[in-house]
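Could you build the full structure based on these sequences and the hints that come with them?
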Amino acid sequence: MNNLNNNGSQEQKSKYLPKLISGEHVGCMGMSEPEYGSDAVGMQTKAVKVGQEYEITGNKMWITNAQYADVAYVYTRTGTGKKDLTTFIVEKGTPGFTVSKEIHKMGMRSSPTGELSFQKCRVPEANRVGKEGDSVIHMMKNLEIERITISGISLGIAQACLDQCIKYAGERKQFGKTLANYQLIQKMIAEMYAETEAMRRMLYTVCYEYDQGNRSNNLASAVKLQLPKMATKIALDAIQLHGGYGYSREFPLERMMRDNKLNEIGAGTNEVMIMIIAKNLLNEALKH
Amino acid sequence: MNDFQKELCSNLAKFCQDSIEPHMEHDDADGKFRMEIFQGLGEYGVAGVTQAEEFGGAGLTYIDYALVLEEIAKYSVPYAVTISVSSMVQSILSSYGNQAQKEKYLPALTSGQEIGAFALSESHAGSDAASLKTTAKKVDGGYMLNGTKMWITSGGIAKTYIVMARTGGEGAKGVSAFIVRDGAKGFTFGKAEKKMGWKTSPTRELVFENCFVPQEDMLLEEGKGFTVAMGGLDRGRVAIAAIGVGCAQRALDESIKYSLTREQFKQPIFDFQGLQFMLADMALETEASRLLVHAAAQSIDDNKPNSKLCSMAKLKATDTAMKVTTDAVQVLGGVGYTSEYPVERFMRDAKVLQIVEGTNQIQRVVIARQLKKEYEQHA
Ligand SMILES: Cc1cc2nc3c(=O)[nH]c(=O)nc-3n(C[C@H](O)[C@H](O)[C@H](O)COP(=O)(O)OP(=O)(O)OC[C@H]3O[C@@H](n4cnc5c(N)ncnc54)[C@H](O)[C@@H]3O)c2cc1C
Ligand SMILES: Cc1cc2nc3c(=O)[nH]c(=O)nc-3n(C[C@H](O)[C@H](O)[C@H](O)COP(=O)(O)OP(=O)(O)OC[C@H]3O[C@@H](n4cnc5c(N)ncnc54)[C@H](O)[C@@H]3O)c2cc1C
Numbered sequence: 001m002n003n004l005n006n007n008g009s010q011e012q013k014s015k016y017l018p019k020l021i022s023g024e025h026v027g028c029m030g031m032s033e034p035e036y037g038s039d040a041v042g043m044q045t046k047a048v049k050v051g052q053e054y055e056i057t058g059n060k061m062w063i064t065n066a067q068y069a070d071v072a073y074v075y076t077r078t079g080t081g082k083k084d085l086t087t088f089i090v091e092k093g094t095p096g097f098t099v100s101k102e103i104h105k106m107g108m109r110s111s112p113t114g115e116l117s118f119q120k121c122r123v124p125e126a127n128r129v130g131k132e133g134d135s136v137i138h139m140m141k142n143l144e145i146e147r148i149t150i151s152g153i154s155l156g157i158a159q160a161c162l163d164q165c166i167k168y169a170g171e172r173k174q175f176g177k178t179l180a181n182y183q184l185i186q187k188m189i190a191e192m193y194a195e196t197e198a199m200r201r202m203l204y205t206v207c208y209e210y211d212q213g214n215r216s217n218n219l220a221s222a223v224k225l226q227l228p229k230m231a232t233k234i235a236l237d238a239i240q241l242h243g244g245y246g247y248s249r250e251f252p253l254e255r256m257m258r259d260n261k262l263n264e265i266g267a268g269t270n271e272v273m274i275m276i277i278a279k280n281l282l283n284e285a286l287k288h
Numbered sequence: 001m002n003d004f005q006k007e008l009c010s011n012l013a014k015f016c017q018d019s020i021e022p023h024m025e026h027d028d029a030d031g032k033f034r035m036e037i038f039q040g041l042g043e044y045g046v047a048g049v050t051q052a053e054e055f056g057g058a059g060l061t062y063i064d065y066a067l068v069l070e071e072i073a074k075y076s077v078p079y080a081v082t083i084s085v086s087s088m089v090q091s092i093l094s095s096y097g098n099q100a101q102k103e104k105y106l107p108a109l110t111s112g113q114e115i116g117a118f119a120l121s122e123s124h125a126g127s128d129a130a131s132l133k134t135t136a137k138k139v140d141g142g143y144m145l146n147g148t149k150m151w152i153t154s155g156g157i158a159k160t161y162i163v164m165a166r167t168g169g170e171g172a173k174g175v176s177a178f179i180v181r182d183g184a185k186g187f188t189f190g191k192a193e194k195k196m197g198w199k200t201s202p203t204r205e206l207v208f209e210n211c212f213v214p215q216e217d218m219l220l221e222e223g224k225g226f227t228v229a230m231g232g233l234d235r236g237r238v239a240i241a242a243i244g245v246g247c248a249q250r251a252l253d254e255s256i257k258y259s260l261t262r263e264q265f266k267q268p269i270f271d272f273q274g275l276q277f278m279l280a281d282m283a284l285e286t287e288a289s290r291l292l293v294h295a296a297a298q299s300i301d302d303n304k305p306n307s308k309l310c311s312m313a314k315l316k317a318t319d320t321a322m323k324v325t326t327d328a329v330q331v332l333g334g335v336g337y338t339s340e341y342p343v344e345r346f347m348r349d350a351k352v353l354q355i356v357e358g359t360n361q362i363q364r365v366v367i368a369r370q371l372k373k374e375y376e377q378h379a
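In order, the protein sequences belong to chains L and B.
Position one of the first sequence corresponds to residue 1 (the numbering used here), numbered consecutively onward.
Position one of the second sequence corresponds to residue 1 (the numbering used here), numbered consecutively onward.
Keep in mind the hints are simulated off the structure, nothing from the lab.
All of these numbers come straight from a predicted model, not from anything done at the bench.
Each residue gets a CB set at the ideal place from its N, CA and C atoms; glycine is no exception.
Honestly, I wouldn't trust all of these hints.
Here are the simulated lysine-lysine pairs, BS3-like style, with alpha carbons at most 25 angstroms apart [stated by the list, open to error]: (1) K287(L) to K266(B); (2) K101(L) to K32(B); (3) K323(B) to K233(L); (4) K185(B) to K104(B).
Quick list of the computed label-pair ranges, beta carbon to beta carbon [to be verified]: (5) H26(B) to P252(L): 21 to 27 angstroms; (6) K167(L) to L220(B): 38 to 44 angstroms; (7) L220(B) to P252(L): 41 to 47 angstroms.
Listed below in structure tokens is the structure:
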């Protein structure tokens with residue numbers, strides 16, 4: 001949606017956005033491929049111009065909402081240069097466009113993931129977003145937003161873990177005292193709080209800057225590097241604080257941990273965030 | 001490793017590759033335990049590694065045992081756990097059982113024909129196990145058990161259960177240990193836990209409703225339950241630690257293999273320093289844990305079990321298993337998050353290693369207690 005709103009034409013926006021916004025339609029975004037994950041710009045799915053149409057051929061892997069999407073927002077290669085990427089809006093049911101079955105995952109299980117396959121799939125020129133070769137910029141700008149919003153999920157998970165730990169520490173008794181009495185438990189909860197607040201303040205500050213129109217690739221990447229990693233640690237600690245109960249499905253903690261781990265991988269891994277930040281900060285130094 | 005140990009491990013690895021590995025992805029999803037795998041391990045002679053040959057054991061050392069558990073855990077943490085709990089029951093029987101009890105219960109366990117289970121925890125008594133509420137009331141010819149045990153590994157699949165129940169007043173001194181067989185009248189199985197991992201190792205409640213246990217199935221005498229429970233503790237911790245090492249080693253092996261073949265930005269991802277540092281740290285932590293486990297096992301082999309070392313090994317090796325498996329999912333990226341590769345399973349299996357056999361918080365409490373004791377002894 002965001003991407004369409006920023007980069008689509010007026011006609012594209014009025015055709016697709018209202019139903020996506022109302023929730024009547026579901027959208028999916030196809031960037032990653034089986035052989036191109038971190039190196040997304042290296043993608044090989046091709047779109048070739050044929051008359052008033054484009055013919056798309058290739059596979060998109062790991063696509064969230066794949067099975068339920070009414071519209072797919074698909075990145076393709078339209079030229080020979082590294083950055084010749086162009087996006088198309090492909091509607092469900094377009095001949096040559098199929099979706100695989102669900103991929104079985106560690107977490108995020110109520111969010112289906114699948115592979116999109118395009119075999120000489122024809123889409124009208126009107127469904128091209130922007131001009132040919134515009135999409136590397138679209139992609140990078142959109143990823144910044146995705147990195148910030150995904151981090152919001154990690155913040156929610158961290159907060160939910162903290163709340164549940166505070167509650168449990170007051171309820172569960174061992175050795176005649178509630179867990180809250182033990183300094184090791186106090187340390188876990190105090191650190192969880194400090195980390196959750198650090199996450200919140202960092203995320204909100206960066207969101208505020210974006211709302212003011214001050215984008216920063218560096219800050220968006222820093223948020224994505226910090227928040228998901230911290231939330232995995234907090235969720236693991238929350239399980240630990242609940243002992244055997246934390247490991248069981250009776251409490252939501254083990255699920256939250258499994259869900260959160262994805263945030264360290266999707267929309268650019270932790271390691272890719274390091275690459276981006278380093279490239280930005282060391283831009284000058286790298287010239288020597 | 002000496003030649004014997006090398007051969008033991010490579011034969012065992014072959015069995016695991018052929019008989020365990022092919023099932024794990026699906027059995028993990030379905031929560032399926034296979035008795036034939038357990039018995040197969042028994043035929044390999046690893047169901048009672050440290051037990052005396054007189055009772056069908058292999059008569060090997062604790063270091064050998066640690067190597068065996070590490071090897072099995074590389075393929076399946078839950079099967080290694082089933083073996084380790086059953087072995088702990090054997091250790092208890094051989095340390096505290098009388099001749100008749102040993103002859104009656106040990107051979108089926110050491111040979112791997114049957115599984116043993118250890119029932120201490122209850123819903124309100126976890127770390128504070130001495131607060132358990134299950135009662136054993138003296139009656140004519142034996143005891144009547146009432147109460148519910150929770151979190152019992154191999155509940156439902158085991159035949160011989162060591163059950164801790166209260167025969168006296170509050171605290172550890174009021175607890176006694178009993179041997180209860182599957183099928184005893186008044187002994188049933190409660191709910192099976194749904195867990196994050198260890199899916200092929202059933203964890204269940206045991207329910208005792210006026211379950212009669214004859215006098216001859218009591219271990220030691222009244223009030224000695226905690227002697228029995230704590231006596232197996234050091235060994236149990238080393239076992240869980242060895243499983244942690246195997247879990248970490250597999251995650252590391254998968255990471256190396258994948259990163260050497262996966263290319264991004266036109267080169268194997270192994271060639272990026274960022275990944276090399278992660279892999280180097282993973283290997284370092286795994287090796288450090290292994291050395292600690294072997295030092296702890298050696299102290300048991302020397303008949304001078306060092307509780308501090310055993311707790312340190314448990315703490316370090318299980319924290320390492322958690323860290324290394326989490327990093328392995330990261331190294332594999334998207335595919336690491338799916339069940340097509342085993343690393344996410346190992347990550348889920350690792351977490352509970354930090355909780356069982358004394359949580360890692362309790363290990364720190366134990367280590368600190370030992371530090372004080374040692375200081376006072378030297379002062
Ligand atoms: C559940 C799920 C949902 C997803 N949803 C979508 C979606 O809707 N749309 C979409 O387009 N994609 C989606 N993705 C794909 C996701 O963005 C990729 O998984 C991610 O970018 C990583 O790519 P990869 O899995 O190919 O890992 P790889 O790129 O193969 O990375 C493997 C490892 O190598 C490291 N690495 C790679 N390059 C370097 C380097 N230069 N230096 C140091 N380390 C490096 C990585 O950090 C990682 O640890 C989804 C993935 C999952 C698992
Ligand atoms: C899969 C699985 C298999 C198991 N198998 C068996 C089995 O076969 N037999 C058996 O008897 N039990 C078994 N258990 C139970 C296991 O031993 C307990 O879960 C464990 O002892 C912790 O107890 P708890 O879960 O009640 O946690 P609690 O004791 O309630 O602990 C909750 C939290 O408080 C912390 N805590 C407690 N006391 C202190 C303290 N004094 N100072 C600081 N922190 C403290 C703990 O570290 C933990 O973080 C199993 C558990 C699981 C999950």
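Evaluated hints:
no.: 1; hint: K287(L) to K266(B); verdict: holds, 22 angstroms
no.: 2; hint: K101(L) to K32(B); verdict: holds, 24 angstroms
no.: 3; hint: K323(B) to K233(L); verdict: holds, 10 angstroms
no.: 4; hint: K185(B) to K104(B); verdict: holds, 19 angstroms
no.: 5; hint: H26(B) to P252(L): 21 to 27 angstroms; verdict: holds, 26 angstroms
no.: 6; hint: K167(L) to L220(B): 38 to 44 angstroms; verdict: holds, 41 angstroms
no.: 7; hint: L220(B) to P252(L): 41 to 47 angstroms; verdict: holds, 43 angstroms
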